[in-house]
Amino acid sequence: GESVGLHLPTLSVQEGDNSIINCAYSNSASDYFIWYKQESGKGPQFIIDIRSNMDKRQGQRVTVLLNKTVKHLSLQIAATQPGDSAVYFCAETLGNTDKLIFGTGTRLQVFP
Amino acid sequence: NAGVTQTPKFQVLKTGQSMTLQCAQDMNHNSMYWYRQDPGMGLRLIYYSASEGTTDKGEVPNGYNVSRLNKREFSLRLESAAPSQTSVYFCASSASTGISGYTFGSGTRLTVV
Numbered sequence: 001g002e003s004v005g006l007h008l009p010t011l012s013v014q015e016g017d018n019s020i021i022n023c024a025y026s027n028s029a030s031d032y033f034i035w036y037k038q039e040s041g042k043g044p045q046f047i048i049d050i051r052s053n054m055d056k057r058q059g060q061r062v063t064v065l066l067n068k069t070v071k072h073l074s075l076q077i078a079a080t081q082p083g084d085s086a087v088y089f090c091a092e093t094l095g096n097t098d099k100l101i102f103g104t105g106t107r108l109q110v111f112p
Numbered sequence: 001n002a003g004v005t006q007t008p009k010f011q012v013l014k015t016g017q018s019m020t021l022q023c024a025q026d027m028n029h030n031s032m033y034w035y036r037q038d039p040g041m042g043l044r045l046i047y048y049s050a051s052e053g054t055t056d057k058g059e060v061p062n063g064y065n066v067s068r069l070n071k072r073e074f075s076l077r078l079e080s081a082a083p084s085q086t087s088v089y090f091c092a093s094s095a096s097t098g099i100s101g102y103t104f105g106s107g108t109r110l111t112v113v
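Residue numbers (our numbering), protein chains in the order written: chain A, 1 to 112; chain B, 1 to 113.
Incorrect hints may appear among the rest.
[Claimed, not checked] Between beta-carbon pairs, the in silico distance windows are:
| no. | chain 1 | residue 1 | chain 2 | residue 2 | range |
| --- | --- | --- | --- | --- | --- |
| 1 | A | P82 | B | G53 | 41 to 49 Å |
| 2 | A | S28 | B | G53 | 28 to 36 Å |
| 3 | A | E39 | B | S67 | 29 to 37 Å |
| 4 | A | H72 | B | T15 | 40 to 48 Å |
Rather than coming from a laboratory, the hints here were simulated on the basis of the structure. No residue lacks a Cβ here, since even glycine has one placed at the ideal position from N, Cα and C.
Using the sequences and the hints, build the whole thing.
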């Protein structure tokens with residue numbers, strides 16, 4: 001069945017470096033993708049989204065890249081800070097539905 | 001503060017007990033959702049409600065029931081709790097179909113012993 005998955009379960013980066021979190025999806029019909037950040041003991045928070053008719057979208061310190069050819073999504077965080085430490089999930093929606101399919105998550109650890 | 005409010009935050013149940021998890025949003029969102037999150041896993045959809053008066057099953061509906069009481073409130077009921085239902089439960093809402101992300105509540109940590 002359709003699934004959204006992540007390549008790396010844990011990513012450790014030094015403060016100030018750039019982070020790249022990857023995600024693979026299997027449903028070529030997915031048309032909307034979202035990255036969420038989840039801090040310990042909290043619910044997921046929206047970070048950035050991208051539609052399937054785009055290949056790049058930038059926010060504040062974050063960039064999402066979408067490669068539909070290989071069904072790959074990435075989240076880039078510039079100048080990673082200790083406050084960026086969290087679990088990051090990618091998610092996709094299908095067609096005109098509201099339902100989100102979540103990946104298993106990547107834990108980002110930022111060390112001094 | 002605007003957002004999604006879940007109660008309770010923590011709950012311990014004995015096997016076979018029943019309980020209802022409450023969720024309310026004050027953003028005038030049409031759609032609401034219940035997810036469960038197990039350790040080391042992503043969120044799995046239990047039930048959702050695309051609009052007031054409608055509910056549909058998600059990926060893992062067995063053992064649960066829901067009620068969309070009004071536009072603001074969406075409750076999740078466990079009729080006979082089982083240890084396999086030990087999890088963190090998240091409620092979420094979204095404004096409209098397929099064009100916006102979700103706003104999540106802070107979660108309910110449920111343990112069934």
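Results of checking the hints against the structure:
1. A:P82 - B:G53: 41 to 49 Å: At 45 Å between Cβs, range holds.
2. A:S28 - B:G53: 28 to 36 Å: For A:S28 and B:G53 the Cβ distance comes to about 34 Å; the hint holds.
3. A:E39 - B:S67: 29 to 37 Å: At 30 Å between Cβs, range holds.
4. A:H72 - B:T15: 40 to 48 Å: Holds, at about 43 Å.
Comparing the model with each numbered hint stated earlier shows that all of them hold.
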